[in-house]
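Asks: Here are the chains, one letter per residue:
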Amino acid sequence: MTTAVAPVNVLATQYGRDRIALIAFWFLAMLLFAAAAAPWIAPQNPYDLAQLDILDAKLAPGAQSSTGLNYWLGTDDQGRDMLSAILYGLRISLGVGIASTALALGLGLIAGLVAARAGGWVDGLIMRIVDLQLSFPAILVALILLALTGQGIDRIILALVVVQWAYYARTVRAAALVEFRKEYIEAAVCMGVAELRILLRHVLPNVLPPVMVVATVQIAQAIALEATLSFLGLGLPITEPSLGLLIANGYAHLLSGKYWISFFPGIALLVTIVAINLVGDRLRDLLNPRLQ
Amino acid sequence: MLNYALRRLLWSAATLLVMSLLVFAGVYAIGNPVDLLINPQADQAEIARATALLGLDQPLWRQYWMFFRGALGGDLGISFAASVPAITLILERMPATLELALTAMLIAVMLGIPLGLLAGLRPKSWLARLIMTLSTFGLALPTFWVGLMLIMVFSVQLGWLPTTGRGATIDVFGIPLSIFTIDGLRHLLLPATTLALFKLALLIRLTRAGTQDAMLQDYVRFARAKGLSESAVLRSHVLPNILIPIVTVAGLELGSLIAFAIVTETVFAWPGMGKLLIDSINVLDRPVIVAYLLATVCLFILINLLVDLLYALLDPRVQAGDAR
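Chains A and B are the protein sequences, given in the same order. For the first sequence, our numbering begins at 1 and goes up steadily by one. For the second sequence, our numbering begins at 1001 and goes up steadily by one.
Hints may contain errors.
In silico negatives: residues of chain B with every beta carbon more than 10 Å from chain A [as the list claims (entries may be wrong)]:
hint: 1; residue: P1085
hint: 2; residue: G1227
hint: 3; residue: R1235
Sample of chain A residues facing chain B (criterion: CB under 8 Å; computed from the structure) [as the list claims (entries may be wrong)]:
hint: 4; residue: L143
hint: 5; residue: A227
hint: 6; residue: T228
hint: 7; residue: L255
hint: 8; residue: V274
FYI, nobody ran anything at the bench for these hints, they're computed from the structure. Ideal placement from N, C-alpha and C gives every residue a C-beta, glycine not left out.
This is chain B alone, in the form it adopts within the complex:
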């Protein structure tokens, strides 16, 4: 296990290094870095001073080294628009995004696994067909359009829920969260549902396929032959077996939820880092874009690493397969 963990850690570090090179190449080397990194309103003298200060007259490898050293220390430049360190802006917005993504994942798991089980146990029933049809649409519906339609129905027509924003928050260990206030929950419901739909449809399919597969296995037949009740077979034989891949996929999909939160946050004006990214792209606030990228890359690498390690812990075959 230790061996596997070390190798996996090394791959993460390599990924981070390559991504930092790519981000560097993308932002610093394409086009004139002066245009990208220095406030366009600066005058000639200021540009010359900043060029020297940023080391843009240095060879490229030295520039990368400077960028890399800065990034290690959390120094990713100052936002043009807000005049504060870019990384500070990102870190301020990160809790809102994580709250949204985790709530969406919770909704997807809490509904997806039971519905998938239902559809997998009686695949021919009308209920299973209904669930599968809905999941087909769930996979096909464009996230942003679902968000708009939910706003139209529940906010504009019915007036039950607020259209945009985050609502009242309460500080928990200094981090503002919406889930502990009624107003916050009302604001969270629509964006989290929108974000959850795709993953919900995916989890239904995964659980159904896993259930159908498991029900045909010998261990289920044996458990039934032993005289266990159907619910006991389900609880102690089917569920533990199908949950391993499902939990893994749910973990890996968390990364894509954070990425897709960009869309949901834009639709619902949810003040997370995804909306910050879009706003920054619109005003060409490059340091914030770089900070967002590196923060997200770190988050993804961390999630992938944790899920892989967890999976290896749950399923010993993974380590064996990797060691060949």
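The following block holds chain A by itself, in its conformation from the complex:
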């Protein structure tokens, strides 16, 4: 397989041929912007208690506050505007998802390259650890880690890195082994190019693109996993509510028919995950020479 990547503008043109993927891309861009700009575009700061009015608690979507603010998506049990809470929650969910995936990708790259280059017992050891870890579901591994380490944004990122790195390590090792057998590497070795330089300048650029595409879809997985862990009360603390925690907060009010506290954060989570998946799938199809 040739991993020579088409120039970005060619890729962009090809990408645009799929209408749904194009919509998903712009939607995702919008979500990222909304998350990044949450403090400026949200109607209120949902965690500044001075801005909340307990008399406005559990208002239905579309209701108006005493100060004339419109609660388009209703309010929660503390009178918090759900739209603002979702924008802030999206910020945390996306942040945790992207940060943990990037870190796991880095760690997996190093482990995979080392395993492929070193071979022998080092390769055997790293790959046995990978096998061992991948034979257990991610949610179980993450849950146990959080049960041992406790809550917090750093702990959940750590847990998400631990459950993801093995996947990249395996993919990178396989791709790197293919590259090592190619003639250009042989040529570089014969020319006396330093080993680290071969690894970083020749193997890495060829291994990276397919793995990055896998990582795009993994971000969605990480966000879903974080939401699940937070829903179970093991992920983020109440002071940093991600979408999962917002949904958990609404659980208690669901049975009395106040659906919007859980419903809208769930929709936000769903469209985020679907958008990321659609973009990732399209990129994967474009970069997979077998499908062209």
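With the hints as your guide, set chain B onto chain A.
Replies: Showing chain B alone in chain A's frame:
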């Protein structure tokens, strides 16, 4: 085959050993073991006595040996919250979890394979597109949120099904099961559907990919050339070939269903071992957490072992590939 089975068995034993070391390291070595293993309400004299009794003044390798020997005999400590052996609690809750996971797998297989076949045979039809769109959403939907929404629609708004719990059970060989009573089935339907959705979407994709692949093979063309009817081609040529990987994946996914049951059980207050784990984590009932972990690890290793052996039995290439 025997050679392969033995090697596979050895790997399982090694996995179990490594996992027991990890669990030990996690629970015993991180932090002060006294805080973790002795009831926090105990007084000084009791703590000193328990420290000596648990051998916490011994070197670490000896402590691990004691833990290992206890675990072999099924002794994983006494639950702080319930004051009964932790392993007993786990074993009591295990049938509920297995019932839920197996029902979910049944739903996923019974719907996933036919839908995947439909989508794979006529990939351009509107029905295939609809099935694939639904499966995209099935893969993206967070399990816990689907559960909440199902409760909202079917229990709160429509009032058709109960919100939580397990309902009436009947003892079968001493094991309480919900599937044989109407009330139990009504309680089982929503949690099992919730748990099944992700696997259903996955099986649809697998079956579709397998079908599309198989339809292009020479043996299908040959069977058609022979004059076999389309349904006969499907029944005796396509299905047997695509079922091998599907059955394997379904088996392996059973482990992840048991893990994901933690979430579903929490949403629906289903009294399985997953809910027990969350409850135990919330009150820091460490012996139960350890017991859950080791029980689940054993279950996973057993499932993986059985699936691998079954796969090797169905597909001789696996053994050949492993023997190189």
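Asks: Next, verify each hint and record whether it holds.
Replies: Hint check results:
no.: 1; hint: P1085; verdict: holds (20 Å)
no.: 2; hint: G1227; verdict: holds (33 Å)
no.: 3; hint: R1235; verdict: holds (30 Å)
no.: 4; hint: L143; verdict: holds (7 Å)
no.: 5; hint: A227; verdict: holds (5 Å)
no.: 6; hint: T228; verdict: holds (6 Å)
no.: 7; hint: L255; verdict: holds (6 Å)
no.: 8; hint: V274; verdict: holds (5 Å)
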